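Asks: Line by line, the protein sequences are chains A and B. Okay, so the first sequence: first residue is 0 according to numbering that gives the first Met the number 0, each after it adds one. Okay, so the second sequence: first residue is 0 according to numbering that gives the first Met the number 0, each after it adds one.
Worth double-checking, as some hints may not be accurate.
List of simulated lysine to any residue pairs, SDA-like, C-alpha gap at most 25 Å [what the hints assert, rightly or not]: (1) A:K32 x B:D145; (2) B:K134 x B:P192; (3) B:K134 x A:L51.
No lab work stands behind these hints: they were computed from the structure. Remember, it's a predicted structure, so these values are computed and weren't measured experimentally.
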Amino acid sequence: MERKEWPLWEVFVRSRNGLDHKHCGSVHAPDAKLALQVARDVYTRRQEGVSLWVVQADHIVASDPDAKPELFDPAEDKIYRHPTFYQLPDEVNHM
Amino acid sequence: MTQQMTSPEHIEYVLRLGDNALILGQRLSEWCGHAPVLEEDMALANMSLDLIGQARMLLTHAGRLEGRGRDEDQLAFLRTEPNYRNLTLCELPNQDFARTMVRNFLYSSFQKLLWERLMTSSDAELAAIAAKSIKEARYHAQHAGDWVIRLGDGTAESHARAQGALDYLWPYTAEFFAATPVDDTVAAAGVGPAWSELETAWEALVLPVLAEATLTVPARTPFRSYGKFGRHSEHMGHLLAEMQIMQRTYPGAQW
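Only chain B is shown next, with the shape it has when bound in the complex (with noise of 0.2 Å):
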């Protein structure tokens, strides 16, 4: 690849993308062994593989565009919380296998619009990392989707959970899509979409699902939460801790 000038925006940007896969493929990974039935362990460990794959892809990436050495592993495993692009939802604990559900599907309903987005994007690299993604991301949405109507239209237990699950993580949706300058620098390069123009695409994605699911959607709220500007939630750091511990205990190991 020819050395070309990056925009921190654009560098931002990828991180964003690379953390958002790298914390909730983590989450995910936390169901491996607990899932309800042996069919959806494998299918939550499935799923998050895709996602930490998709983050190996994308923090090589950020590294070389970023040019000062860095590599997959000390991207995901040597930075310092603040240092953490996700969105906050990604990072909240699974709680139960409804919530987890009502994210993945949130979730991969968003990033299945915004990898059809950057499948044209002008960086080469990221345009083949969003062909292959998005292969990914809408068999979550629709493996989600499914077990979203399931539990929401589902037994009296399964649908307090779901209802419970879509009130808890609803406010953080908020965050997809507020506006930011990163955004508006990557949209005008032709890099990606800003995340804002995503909103009504991923409101028709979303509310038929819910409602065929008999899920009541909570009304708007002033809540924001700002993990894409590296301010994060209370349950960041342990899941860092966990997250970090064998490569800060043997630094460089490997397999």
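Same shape as in the complex, but just chain A (with noise of 0.2 Å):
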């Protein structure tokens, strides 16, 4: 019998109204409304979210793992591109 793997969907939930949508994990299934679904099944079913995306895993470029050190560490040691030598006036509380 011939098998066929469903896509892979990478699922995002929005926990409250005014936050962002979190990745929060992935679904197999067989087209995007189902896989609402199973996502609105698997992920929101402890009131953790009001919205939902989701996105087909192969949609998604990623970087590469091993270009990390070219990428990533450059910025290890610019500390002056952190705001931590400025004085903070009280009213700017979310900084």
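Two chains, two frames, some hints: make the complex.
Replies: So this is what it looks like as structure tokens:
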């Protein structure tokens, strides 16, 4: 018998209005509509969210793990890029 | 809640609703750990729990209306077969994923219409249960309907299974709409619709989806099932044996 794997979908949940969608896992599903449904059943059954996104995993372009040294390490010693040398006024609470 | 005069028909009507939810919930729970994929395993378990939640509220309510001190557990686990009032459709074996989805679709489409009407019931408790349950029924109908289309309009194998499921289940849907004196009394009191009133609306929900699924709707036959009158199929006894064994072996057992 021919067996075809369903595509993988990455699931993003927004937990409350005003917050961002956050990646929370993945599901297998035959198409986008059912991917949303199974994501609902797998990831929001304990009231985790008010909105769902699903993206077919193939459509995500990821950075190469082997390229980590040239991509991310150079930022390591650039502490002046963090705004930690300023006195923040009290009114600015959420920087 | 103030004590009101409750007709036996009113209690019977609520019992039918509660037993539908209880027995189909029990059937769906059999999928737990056995569904074709993990995602559907969780979906089916969720839906089973939705139905058992409805059953708890409805049986508790029926017990209060009855006023003989029976609670949800006594009604769920300690009645004998002829005292269950669920539609025969709900107790039929799952068989395979296709039959499970076709049944959920036929049943939850009916429930959707029923809960919509019951939201304006003169029985305030029932109206509140309906307002909660309508959301669940809508999702169940959506989920199952999407699957019916994909299975029916899928591979040769999935089409054959979905068509076989529809051929098997369709005759049992006649029972949904069979007129009964219980319905007449309850409808006159404004408690809920006679189920026969819902037939046209149900067909309008169900037939387009079955057509999209490229399934052939069987012709109506004289066959009738009588679960809601307490006359069940041969499958009911086995289901009850499994469902009741804990309460019968350890009476009053609690989690």
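Asks: Measure nothing beyond the straight line between the CA atoms of B:K134 and B:P192; if it is 25 Å or shorter, mark the hint as holding.
Replies: Distance ~19 Å between B:K134 and B:P192 Cα, so the pair holds.
Asks: Against the 25 Å threshold, does the CA-CA distance of A:K32 and B:D145 hold or violate the hint?
Replies: 8 Å, holds
Asks: Taking 25 Å as the top limit, are the C-alpha atoms of B:K134 and A:L51 close enough?
Replies: Between B:K134 and A:L51 the Cα gap is close to 18 Å, so the pair holds against 25 Å.
Checked against the numbered hints listed earlier, the structure breaks none of them; every hint is satisfied.
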